[in-house]
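Residue-level listing of the chains:
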Amino acid sequence: MARQLSRRKFMVYSLAASTLTLAAPVGCDTSSAEGVEPTAAEAHGTSRVLVTGADEEMLVLEVTAANKVVVRLPRVEVGQGITTAVAMMIAEELDARLVDVDIPLAEARTKGNQYTGGSSSVRSLYGPARALAATARARLVTAAARRWHLPARSLRTRDTMVVAPDGRTATFGSLTTAAARIHRPAVSSKPKPASEHKVIGRPTGRIDARDIVTGKAKYAGDLEVAGAKPTVVARPPTLGGRLVSVDDRAARAMPGVHAVVKVAGGVAVVAESFHHAFQARDALRITWRPGPLASLSDAAIRSRLRAAVPSVGAPPRGSAQVEGEFEFAFVSHAPMEVLTAVADVRADRAEIWFSSQTPMDARESIAAAIGLPKPKVRVHVVRGGGSFGRRLNYDAAIEAALISKAARRPVKLMWSRGDDIRHGRMRGASHHRIRASHARGRVVAFSHAMASVSESYERQGLAVQGGVSTVAAGPLPSDSGLYNFGRISGSSGSVELAMPLGAWRSVDSGTMRTAEEIVVDEVAAELGMDPVVFRRGTLRNKAVKAVLDKVATAGHWGRPLPSGQAQGVAVHEEYGSCVACLVEIDATDPKNPRVTKVVMAADVGTAVNPRGLEAQLMGTAVDGISTVLRAGLHIDRGAVREGSFADFRYARQQHSPLRFEAHILPSRREPGGAGELGVPAAAGAVANAYARATRTKPRRFPINF
Amino acid sequence: MPSYSFVLNGKPVTVEAPADMPLLWVLRDLLHVTGPKYGCGVGVCRACTSHLDGAEIQPCVVPVADCVGRGVTTIEGLADGDTLHPVQQAWLDCDVAQCGFCQPGQIMAAAALLKKTSRPTDDDIDRIENVCRCGTYSRIREAIKKASAADHVTRPGQSHT
Numbered sequence: 001m002a003r004q005l006s007r008r009k010f011m012v013y014s015l016a017a018s019t020l021t022l023a024a025p026v027g028c029d030t031s032s033a034e035g036v037e038p039t040a041a042e043a044h045g046t047s048r049v050l051v052t053g054a055d056e057e058m059l060v061l062e063v064t065a066a067n068k069v070v071v072r073l074p075r076v077e078v079g080q081g082i083t084t085a086v087a088m089m090i091a092e093e094l095d096a097r098l099v100d101v102d103i104p105l106a107e108a109r110t111k112g113n114q115y116t117g118g119s120s121s122v123r124s125l126y127g128p129a130r131a132l133a134a135t136a137r138a139r140l141v142t143a144a145a146r147r148w149h150l151p152a153r154s155l156r157t158r159d160t161m162v163v164a165p166d167g168r169t170a171t172f173g174s175l176t177t178a179a180a181r182i183h184r185p186a187v188s189s190k191p192k193p194a195s196e197h198k199v200i201g202r203p204t205g206r207i208d209a210r211d212i213v214t215g216k217a218k219y220a221g222d223l224e225v226a227g228a229k230p231t232v233v234a235r236p237p238t239l240g241g242r243l244v245s246v247d248d249r250a251a252r253a254m255p256g257v258h259a260v261v262k263v264a265g266g267v268a269v270v271a272e273s274f275h276h277a278f279q280a281r282d283a284l285r286i287t288w289r290p291g292p293l294a295s296l297s298d299a300a301i302r303s304r305l306r307a308a309v310p311s312v313g314a315p316p317r318g319s320a321q322v323e324g325e326f327e328f329a330f331v332s333h334a335p336m337e338v339l340t341a342v343a344d345v346r347a348d349r350a351e352i353w354f355s356s357q358t359p360m361d362a363r364e365s366i367a368a369a370i371g372l373p374k375p376k377v378r379v380h381v382v383r384g385g386g387s388f389g390r391r392l393n394y395d396a397a398i399e400a401a402l403i404s405k406a407a408r409r410p411v412k413l414m415w416s417r418g419d420d421i422r423h424g425r426m427r428g429a430s431h432h433r434i435r436a437s438h439a440r441g442r443v444v445a446f447s448h449a450m451a452s453v454s455e456s457y458e459r460q461g462l463a464v465q466g467g468v469s470t471v472a473a474g475p476l477p478s479d480s481g482l483y484n485f486g487r488i489s490g491s492s493g494s495v496e497l498a499m500p501l502g503a504w505r506s507v508d509s510g511t512m513r514t515a516e517e518i519v520v521d522e523v524a525a526e527l528g529m530d531p532v533v534f535r536r537g538t539l540r541n542k543a544v545k546a547v548l549d550k551v552a553t554a555g556h557w558g559r560p561l562p563s564g565q566a567q568g569v570a571v572h573e574e575y576g577s578c579v580a581c582l583v584e585i586d587a588t589d590p591k592n593p594r595v596t597k598v599v600m601a602a603d604v605g606t607a608v609n610p611r612g613l614e615a616q617l618m619g620t621a622v623d624g625i626s627t628v629l630r631a632g633l634h635i636d637r638g639a640v641r642e643g644s645f646a647d648f649r650y651a652r653q654q655h656s657p658l659r660f661e662a663h664i665l666p667s668r669r670e671p672g673g674a675g676e677l678g679v680p681a682a683a684g685a686v687a688n689a690y691a692r693a694t695r696t697k698p699r700r701f702p703i704n705f
Numbered sequence: 001m002p003s004y005s006f007v008l009n010g011k012p013v014t015v016e017a018p019a020d021m022p023l024l025w026v027l028r029d030l031l032h033v034t035g036p037k038y039g040c041g042v043g044v045c046r047a048c049t050s051h052l053d054g055a056e057i058q059p060c061v062v063p064v065a066d067c068v069g070r071g072v073t074t075i076e077g078l079a080d081g082d083t084l085h086p087v088q089q090a091w092l093d094c095d096v097a098q099c100g101f102c103q104p105g106q107i108m109a110a111a112a113l114l115k116k117t118s119r120p121t122d123d124d125i126d127r128i129e130n131v132c133r134c135g136t137y138s139r140i141r142e143a144i145k146k147a148s149a150a151d152h153v154t155r156p157g158q159s160h161t
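Going down the list, the protein sequences come from chains B and Z.
The first sequence: position 140 = 140 (the UniProt record's numbering), numbered continuously.
The second sequence: position 116 = 116 (the UniProt record's numbering), numbered continuously.
Only chain B is shown next, with the shape it has when bound in the complex (with noise of 0.2 angstroms):
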């Protein structure tokens, strides 16, 4: 594995409370217990009580009297399953019924580790929440010895109650009271061994899932907050266009419509309904000046980006080449949700609900951009639906801050699909040079250049948008070694161009890694080896080797297919996980090819909730598929050509396998990353198989653009 995360301890701290209130800080942010002492918390788990404020950066349990136990989470969940995740982690320290725990999420806070992306919410809770529920158990336990005179070692717990030899119980509410007053637990508070596990490992369906299927989970756009009315905004054609004028008369004269007011992105309209909103929006009468990219279409990106890629340097002498060029297209984000946020902007406060990866940047900017100082700003985190990176950006949470201040009203803004697709974010679009050079039926050296569009704030107004710096970019994915390759070198270059972009679920990995693995496939073919024997022989890691192996072995490796038809595979390794992906596809037409089959497996460390885990993998194949053989965004004349669904044609039923198989492999390491793993193996695999079954060389991606 690329990373192996140290056993480390996780300190837990008392809170002062009427009610058993724990918190530990945050893994992966080794600042985020800033001024507090950490010098307790020994084998029997003796904690400090903090008086501070310091509790608000930490992850906090409280058991209620109503025998519920409470979380927190310092994380949004957008449909990646963290909220069962985190339940199931407590749920087994403290032997509590999984429907007893409760994961809210908290709101923008202003210190720790707040930040949900990189695939590091598991990672970076897993260590605490177990410390925190392990410690909360030893104190029930020790409650409930005092109160039946018997020893603690003889009480056990289950299903949210201690249990006495005799057969008494008491539920964990009701000894709350008697265990924030213990300080010495008289048992254990360590986190049980791997091998005891009953719930963490076990596949157990979303927390949430009932009120999903009622339709009782809320949007931020089914909030009810007082006075909060449905806006809109109308936005340029173009990207990045600029308001010259507006007539809004006949707008303002419609029933229904509360406000009209600019704002750097447009013109808003605060209305009755949204029906009320768009028809204000659409009698706007509006001169737009065209956006800095007005006279750049496609092909001048495209040809900009081949400039810019850096050279790869000369081949090893006498070595013979296997080489390849890969453009891949702008792709949107295209959430479910579109972006919605709801503001409440006072002369004096602000209260804001929306959905972000990072509520204590989007915090700060909101305080800045509407002029009051940030504890008068509350940002309430809300259940997204569907991010895939992009609602690390807050733009629509500043834009209605704006509004509300301009309109002095609460408003409930929703920016339209139209606006989604139109006006970003996107990942930015990319041309990759892959050079393996081989020898003696071997690789001995693997160059990978590439240049992709990166974002320029030139265009003022664009920051006030939200625009946070994407993840940094890391080495290229290349560099980690993944092949015996001999020599490996990367480097990139960039076109800064004036456009909303931003990471996409695996970011770079997501373009990069499945271009080399088509290169891989295609060294193989060179070679005259099949693809699985080649990577087996050459992958460096014994734990990808092994998951290959595992789809070969599941997914019928080799069975012979019509002619039309073919299997593909891949692998990725990242996140201290490793993942493979074979794919079947029918390309008989290879206008509108089907991928038939998807058989992915994984080794991810500890898998905390498989079942999950399998979901994201699902959706990572559905992620290949789309953004390999279907779903792009052209730019014409500096405006994205696509607007909904029905042109940005990322994959529905009728794409989908037919047949989805996800394996986890066992083991007993520490959790690594998985919500991004899937997408470089799944797209590699998809592009593969469309190679192999149409006898061509893919080079364009989507394919059918």
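Be careful, since some hints might not be right.
Said to hold, decoys possible - List time: in silico DSS-like cross-link candidates among lysine-lysine, alpha-carbon distance up to 30 angstroms:
{"#": "1", "chain 1": "Z", "residue 1": "Lys-146", "chain 2": "B", "residue 2": "Lys-597"}
{"#": "2", "chain 1": "B", "residue 1": "Lys-597", "chain 2": "B", "residue 2": "Lys-542"}
{"#": "3", "chain 1": "Z", "residue 1": "Lys-145", "chain 2": "B", "residue 2": "Lys-218"}
{"#": "4", "chain 1": "B", "residue 1": "Lys-111", "chain 2": "B", "residue 2": "Lys-374"}
{"#": "5", "chain 1": "B", "residue 1": "Lys-697", "chain 2": "B", "residue 2": "Lys-591"}
{"#": "6", "chain 1": "B", "residue 1": "Lys-597", "chain 2": "Z", "residue 2": "Lys-116"}
{"#": "7", "chain 1": "B", "residue 1": "Lys-597", "chain 2": "Z", "residue 2": "Lys-145"}
{"#": "8", "chain 1": "B", "residue 1": "Lys-218", "chain 2": "B", "residue 2": "Lys-374"}
{"#": "9", "chain 1": "Z", "residue 1": "Lys-11", "chain 2": "B", "residue 2": "Lys-216"}
{"#": "10", "chain 1": "Z", "residue 1": "Lys-116", "chain 2": "Z", "residue 2": "Lys-146"}
{"#": "11", "chain 1": "Z", "residue 1": "Lys-146", "chain 2": "B", "residue 2": "Lys-198"}
{"#": "12", "chain 1": "B", "residue 1": "Lys-68", "chain 2": "B", "residue 2": "Lys-198"}
{"#": "13", "chain 1": "Z", "residue 1": "Lys-145", "chain 2": "B", "residue 2": "Lys-216"}
To be verified - What the simulated footprint calls covered on chain Z by chain B, stretch by stretch (three residues with Cβ under 8 angstroms from a Cβ of chain B suffice, anywhere in the stretch; the number is not a length):
{"#": "14", "region": "28-34"}
{"#": "15", "region": "42-50"}
{"#": "16", "region": "70-76"}
{"#": "17", "region": "80-91"}
{"#": "18", "region": "100-109"}
{"#": "19", "region": "130-144"}
Calculated from the structure, these hints are not laboratory results.
All C-beta atoms, glycine included, are put in the ideal place defined by N, C-alpha and C.
Chain B is already provided as a structure; the job is to place chain Z on it using the hints.
Below, chain Z without anything else, positioned relative to chain B:
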């Protein structure tokens, strides 16, 4: 403003609205029934899918005037009290949802399909056009097949029609 009466999830309702106001906004903004979701407003993503007299509709493109005197069922009206509709139960059993945003529409589309075709084929299921950006399609397929195996899918009155 004209007023329109229809039956929503088994209960009569009357709203004052412009005749061309899409049912979606009548439901969400006037009646505060938020199960049907906005995803495109032009009938292509189908996140708002609901039933009109038991048949599938996309409320974002159906004017409220077209609903007068008829029965509208949203995801909120699909279950029989605390007893989930077999499609909802299958969704739980298969743990279909991820972000959940498209799922009310997916469930209503599946329920409408099963009403027409109690044993849908893969081709029938492929014709469901609802977009799921999380890519839950394989579990949707599995859940529809599971629900179709349940006996009482076509029990009368399921859609309060």
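### Task
Compare the structure with the hints numbered earlier in the document and write down the numbers of the violated ones, lowest to highest.
Result: no hint breaks.
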